[in-house]
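The whole structure should be built from the sequences, with the hints applied where relevant.
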Amino acid sequence: MSVPKKCQVLVIGGGPAGSYASTVLAREGVDVVTLEADHFPRYHVGESMLPSLRYYLKFIGFYEKFLETKWYQKDGAAVFLNRTQPYGCINFKTEDRPEGYAWNVTRSDFDDQLFKYAGECGAKIFDGTKVNEIQFEKCADMKIHGQTADDLKPGRPVSATWSRKDGTKGSISFDYLIDGSGRQGVLSTKYLKNRSFNESFRSIAFWGYWKNTGVTHKGTPREGYTTFEALGDGSGWCWFIPLHDGTTSVGFVQNQKIATERKKASDGSTKTLYMESFKLLEAFTPLFKDAELVEEKGIKSTSDWSYSATTYAMPYARIVGDAGAFIDPLLSTGVHLALTGGLSAAATVMASIRGDLDEEAAASWHAKKISDSYSRIFLTVSALMEQIWAQEKPVIHDLNEIGYQRAFVTLAPVMQGAVDVQHAEDLTQKDVTKAINFCTSAFDYFEQDKKDVLIERLKQKGINLANMDKDSTKELEKFQKELSVEEARVLENLRAKQLYNEYYGEGRAEVDAIDGLELNMIMGKLTLVATSA
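Residue numbers (our numbering): 96 to 628.
No lab work stands behind these hints, which were simulated from the structure alone.
Now the in silico label distances, taken between C-beta atoms and shown as ranges:
id, residue 1, residue 2, range
1, Met618, Glu232, 28 to 34 Å
2, Glu551, Lys306, 56 to 62 Å
3, Glu387, Thr189, 33 to 39 Å
As a list, the in silico BS3-like pairs of lysine-lysine whose alpha-carbon atoms are at most 27 Å apart:
id, residue 1, residue 2
4, Lys313, Lys384
5, Lys573, Lys556
6, Lys569, Lys546
7, Lys366, Lys352
8, Lys160, Lys188
9, Lys211, Lys392
Ideal Cβ placement from N, Cα and C applies to all residues, glycine included.
This is the structure in structure tokens:
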């Protein structure tokens, strides 16, 4: 089959974001074409998934087929942030959520399956086909997510040129465009020029694959958990991800400047840097007693710079996955954000096609959705990374408590991907707010004596942050007016770290509501609708 001359929706990129958007649109009866530059199956790092994957795959009817591959079952994740403290963990699978687990997958297989499934659902898929240029035309001025017509200067994308290594080339016109081109980020980098890097997360990642490793947390309820360990010198962290093929993905993410200096000080090879980095581990060390590096897979590396964009949409176009934003992989959120973006892009395009919303409102909803999802995860990663960089500083736990488990329970909705799943069971907006407030205030560090003084004053007022009722809430509001700016920050810090409610069983909220609109998650009727009461 040759690439068509025209389609309703062109999707650039056949990774998880592009393939998911293509699948959803095809199942809605849309004429969609997907062009992927690489040939599938192709290698990709990022094997660790979140529980939200189940919801996304069920929605497109791919879940049962996905389970045909006996992926490594990920019942939870653990993180060693400090050698003097117990590890913190997130339990995905629990007694009340027996199917709450996630998986670790080999991305070459998973991505290939998802890409081909898009084709089975009716999308016209082509790999080995690179999009080179996009052509635009002027359109009515739109204000999308705070971006004016000047910010969105290219206008409306209407066609694209493509080529293959065998010399064939062509062009295709379309009504809508979804950019899932990965880190290349065609729209963001080449046309909108709105990508910015976060200087705090300029890192380098390097990794390899091992066989015959030990089992994490053996003999405990958390046996086999995917686990991460902060490096002893605070320069980064290490991942330990077991896979269904019997190998384990083991990689390091280190501050780029430090890693570069270490590499220069040795023989200059990435493999030497990789092997030397194991000296910075402690908890993982026993796991490699009888382990062997899978030499034929080599040591791989890549820049690991976190970045984002000022917007993730323009007139008749959506940006999804790594094409728009990338965050340090500590929380394994790459595929989660990709599928979140793919669904949002497809739904907002459908809302525009069906006339349920004008294009300006539909595009703005998508841009805000991606921005919100990115921001939540960025704040969570930032709090955890701050703890890694300053291991003796109690960023996400108090001086008088041992370990990080309370913090990890607070952050659970974000770390499981539940925040972005519209019908996440037992998750309320309060859960989301708690996690975000926690992360935001986690960077405010105060000496314990300042906290003690404030706690004593609260006691004198009869205010117990762990048991707030209507009367104590009113008293707290009065008390806040008496505080200095610094005292107010101390109070916010205390409140953010206070777990004063149960986190599950509070009912369900439509957490996807933006601008009074939410996803109508009915296949065949996918769109945006007014938020239900």
